[in-house]
Each structure stands twice: as C-alpha cells, then as structure tokens.
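Starting from the structure of chain A, add chain B where the hints point.
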Amino acid sequence: MGKTITEKIFAAHHVDTPYKDIHVIRLDAVFCHEITTPVAINNLVNRNKDRVFDPEKIKAVIDHVTPAKDSKTAMQGKILREWARRHKIKDFFDIGRNGICHAIFPEKGYVRPGYTVIMGDSHTCTLGAFGAFAAGVGTTDLEVGILKGVCAFRYPNTVKVIISGELQDGVYAKDVILSIIGRLGVDGATNRVIEFTGPVVDNMSMEARMTLCNMAVEAGGTSGICYPDMTTVEYLWKFIKDEYTTKEEALEKFSRLASDADATYDQIIEHDISSLEPLITFGYKPDQVKPVREMEAIKVDQVYIGSCTNGRIEDLRAAAEVLKGENISRLIRGIVSPATSEIYRQAMEEGILKTFIDAGFCVTNPTCGACLGMSNGVLAEGEVCASTTNRNFSGRMGKGGMVHLVSPATAAATAIAGHVINSKLFKGL
Amino acid sequence: MKNFSGGVLFLDRSDINTDEIIPARYLTEISKKALKPYLLEDLSLDGFTPKDDIEGKRVIITRANFGCGSSREHAPWALEVNGINLVIAESFARIFRQNMFNCGMMAVELSAQTIDNIFTGFFGKKTYLEMELERNIFSLTADERRQEVIFSLSDFDRALIRSGGWLEFADSKY
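Top line first, the protein sequences correspond to chains A and B. With the working numbering applied, the first sequence corresponds to residues 272 to 700, in that order. With the working numbering applied, the second sequence corresponds to residues 2 to 175, in that order.
Chain A with its partners taken away, still in its complex shape (with noise of 0.2 angstroms):
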C-alpha cells in the first residue's frame, strides 16, 4: 500500500513504538528561541543533564522579543546564549543577525525535504513547505528533543487539501490560508497533517507555500507539508550544490518523497479558489473569516505588516506596491517588521523601506514582538489592529485589543483609507 510523504518521513526516521500508535522519531534538527528554551535549559541544568545530542542540529535564535524590552527578557537571552556558547552551538543568531525564526533558519537552508524538526514554537509547521517534517512542541518534548534526539507522536495521518483554480489577483497564500482554515474550522485537522497539494501550489514560491503551512496550527494540524519540487531545488541550490551535481539529480531524489498514488487519507479535500476573494477574521478565532468587502466599515487604529506568516520579501513587496506614492491615515499606527535581518536589508536595496517610510510607516527590526502582545506594537484595551499575523485570540496582541487577519496588500490599503479595505491591486471577481 503507498504512503504519504509525512508517512515515508516517519518510517525513514522511526527509533521506537514503545505503545500501540506511538511513534518515537529521530531528528534531524532541533529549533530554539528565547521564550521556550530558557526554562528547558534550566531545568536540564537542574537534573545535571546540561548536555545537547547534536550541537550541529541544533539552531537557536532570540527573536521574541529583541532587543529586550526589560530585565527579563534581558535574563531569557542571557540564558539563551550562554547555553549556546557553553554546547558550541554555532548557529546562533543574535541581533543584528536574528530574524523570526520560522523565516530566518529556512533562509539559512537548515530545511531540507525530508528532514525532521522540532521546535518549543506552534509555528513550526510552517517548514513542512520544504517537504519537511516540522511540529511546534511543548517545553518538555523540546528538551527531550535536546537531550536525546528524539520526540514522539501518535501515527501521522493526513488531511490532503488539493487546492486548484486560477488566484485572481491581489489575493493571495494568506487569503487562500484563511479560506481553508475557515472550512476546517479551527479543530479540523487536529492529530493529523495537512498535505497543501495541487496546481495552485505547484506554482506558488517558497515564499508563499510558507505561509501556507504556517497556519496549519490555526486548523489544529500537527504539521501542514508541501511535496518538494523545482521550487523548493532552486530555492536550496546554493546551500546544497555540493551535494547534487546537477538541480535534476537533487529533484530526483527530493521527488521520491511525493506522497504515492495510492496512499491512504484520512480525508481529501477539494479547494477551488478560481472565486476566492481576499478574505479577513471577525471575532477571536482564525476561522472567523469573510471577505474584505463585507467588513469596510471597521475602524483600525493599527496596521501590522510582519511576523512568520508575512514578514517575507515577497509580503512586504506586495504591501509596497500597494503603499507606493500614497500617505497612510493619519488615523493609523502604521508599523512593519521585516521577518529577518537579510530581508531587511533586500528591503532596503530594493527601495521597499523607503516606500513604506514615505508612507509614514515605522519600520521595525525583526521580531515576533508585536504578534503576540510581547512588544513593538502592543494594542490598548479597546484598539484595533488590521494585521498579517496568524492569531485574531482575544488580548492576543495586547489586552482588550482586536486583531484582524489580513494579507500585506489588504493591511497597506487598509492603512492609506484608516478603515478595512481591499487593496487596488484586487480587481474584484
């Protein structure tokens, strides 16, 4: 009987079934940041188990909340890097090299198809666009995962969502995201994996199969994964050209992972998105969406463009377009953080920041800060934030504060009118 890729993946890596349904893998890599990590070194260190399985598997970043705002965060970074220094972790990226780490370790070639990840981050889902294995965990499989190598999971079975039709444009992955989410609803792929498959991601950049994946949490998913192709060679050529001798010779062998044929599903979905709209959450929960038009009259006090789902160049390229000799409201707190140092500095080169400066945007240093209320963009109780994050829960962003989900184009023009909008790079239907 064939498997899926998440399947293949798991019997490539199994280590043990210690119960019925459980299955111990070994892994590839093991992701930490500054939030999570601290109180699993503690703790190793506490057990006088201070010890890593693989310093080269292991990579760390401080990205939460950098720089640090207080005493605090100040001590999780110490810890952080001293941990790092003390085990030889080389890949370690503090500021002025950090990013938020679902975009920076990915720009650093740290995924690659097949691999296994770990990470104390419920975003971690986000580089199963590799055609990785990648799962956000808690602080205890975190620290297992640093000591031994290892996690376990219940049998990973899959949701396929095969996603066809024409994007039309000025909608976008985040739209196409939120569209899924709000057919699954918000525990619809809880315990199992979404595979994205079909036309449409077929011809979606790593950019964009990114964030794509990235909110498979939001549905519940374990992991949301993309096959590896052309796309995801090209996008790793320079950090495996020693490996291949030619990009077909690394498709080859990147393909063999593709779910088979006749693999088992615990459901398969059709998604046609020829009519898709761009879409935006009411309430407190991500499946709470409608599209823009039926939400124009909301007020917004603030506009957030970053974070792991839209931090990317690509993002902060179609906001650009959109903010492009045009001056924000002087109504809005328009604010924007480019998701790690390198796009910060393509940004830069390509004249984006100037664009959004003009626009009377505040750009930001990468960080996940204002995403979930930690810093750089904290609501007041009773505020509104238009923002390309993934989470719309309640105070997520500051206490008795509302978030709405948007894509980069439709937060840019919501931030020129003041109030929800459709972006004018969106034609209609």
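Simulated from the structure, these hints should not be mistaken for lab results. Incorrect hints may appear among the rest.
[Unchecked claim] Okay, derived cross-link-like pairs now, SDA-like style, lysine to any residue, Cα gap no bigger than 25 angstroms in a straight line:
| # | chain 1 | residue 1 | chain 2 | residue 2 |
| --- | --- | --- | --- | --- |
| 1 | B | K33 | A | N314 |
| 2 | A | K291 | B | K127 |
| 3 | A | K328 | A | V316 |
| 4 | B | K37 | B | K127 |
| 5 | B | K33 | A | K291 |
| 6 | B | K174 | A | V316 |
| 7 | A | K291 | B | I138 |
| 8 | B | K3 | A | N317 |
| 9 | A | K349 | B | R26 |
Here the structure is a predicted model, which means the values were calculated and not measured.
Same frame as chain A, now just chain B:
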C-alpha cells in the same frame, strides 16, 4: 504521581486557547511559580472571575478543543502551580494535550454527550471529583447528586503519568 482529585471548575465554552490560559505577556517568567496569579486572566467567559473562581479548584471540566493555539507549556504549568493537574474536555489541541501528559498531568477526553450530561447535572453546583485511576473511573459529587464516569487512557499516557513525565520516560529509554 500527582493528585487528580478535588473541586471542579466548570468552563462552559469551546476553543479556550493558550493565550487565554496564560497570556503571552507573562512568558517572560522563567519560573513556573511566577505564573500562579495569571491563570485564565484573559479568558472571555461571562460570569467568570479568575481570582474567585479558581481558588481551591483541582480539576477543570470544559468543552471542545481546549488549549488550542500556542505551544507554550506555560499553560499546563500555570494550571499545575494552581493545584490543577486534570482537565476533562470533549477534545484537546494536540500540543496542549501532549504537554499535559509530558508533565505527568492528565487531559481526559470524553464524548460530547458525556460532557453535556456532566454540565447538565453539575454546572453551577459546588462539585467534587474523586479520581480512581486504576479503575478508569472518576466520580462527581454535588449535594445529593453522585455520578460515576468511565474514561479511557492510552498505555503511553498512563506510563507518562506514572513516570512523572516524558523526560523521565525518555531518559531511561533512549
């Protein structure tokens, strides 16, 4: 092994997320104890007052998809430092559920109908839960009313509860 019996806190809502259980602004704490005052601070639920309603409770009974959202183990820790080691729900988000057992705590899933019956019989009453782990049964008592509920637990979950969590389990095995 941790204690799984005691007063019940009923949270009559689905999709209670980890930001509601413990808001991100408290993730700057690096000790579990420091989280104690902030449990469920941002929960949006009519009539719920964290300070009065959590005091003395040892068990939460709630609806579907409890613990969705972030991977933060601070959510189980915030429960644990408040003496709550057991959550009973119709369903859980994967990471939250695993985090509970990884800490030697329990996340018990019951059918929507059973949860409904429990809410019908006990919601709004001062309720005590007595756990009998070996028999896969717990009993609920309020005033004159008493109800026994059968639940199931996988062997893995049981092993994690017995060993005290995943670190202990994995360290002795891998």
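Going through the hints against the structure:
Note on B:K33 and A:N314: the hinted pairing holds, with a Cα-Cα distance of about 11 angstroms set against a maximum of 25 angstroms. A hinted pair counts as satisfied when its Cα atoms are at most 25 angstroms apart, and A:K291 with B:K127 does not qualify at roughly 38 angstroms. At most 25 angstroms may separate the alpha-carbon atoms for a hinted pair to count; A:K328 and A:V316 meet this at roughly 20 angstroms. Simply put, B:K37 and B:K127 have alpha-carbon atoms about 23 angstroms apart, close enough for the 25 angstroms limit, and the pair holds.
For the hint pairing B:K33 with A:K291, the CA-to-CA distance comes to about 32 angstroms; that exceeds 25 angstroms, so the pair is violated. The straight-line distance between the Cα atoms of B:K174 and A:V316 is roughly 20 angstroms, inside the 25 angstroms bound, and the hint therefore holds. Only pairs whose Cα atoms come within 25 angstroms are accepted, and A:K291 paired with B:I138 is accepted, the gap being roughly 22 angstroms. Taking the CA atoms of B:K3 and A:N317, the gap is near 20 angstroms; set against the 25 angstroms cutoff, the hint holds.
In summary, the hint linking A:K349 to B:R26 is supported, as the alpha carbons are separated by about 19 angstroms, within the 25 angstroms threshold.
Checked against the numbered hints given earlier, this structure breaks hints 2 and 5; the rest are met.
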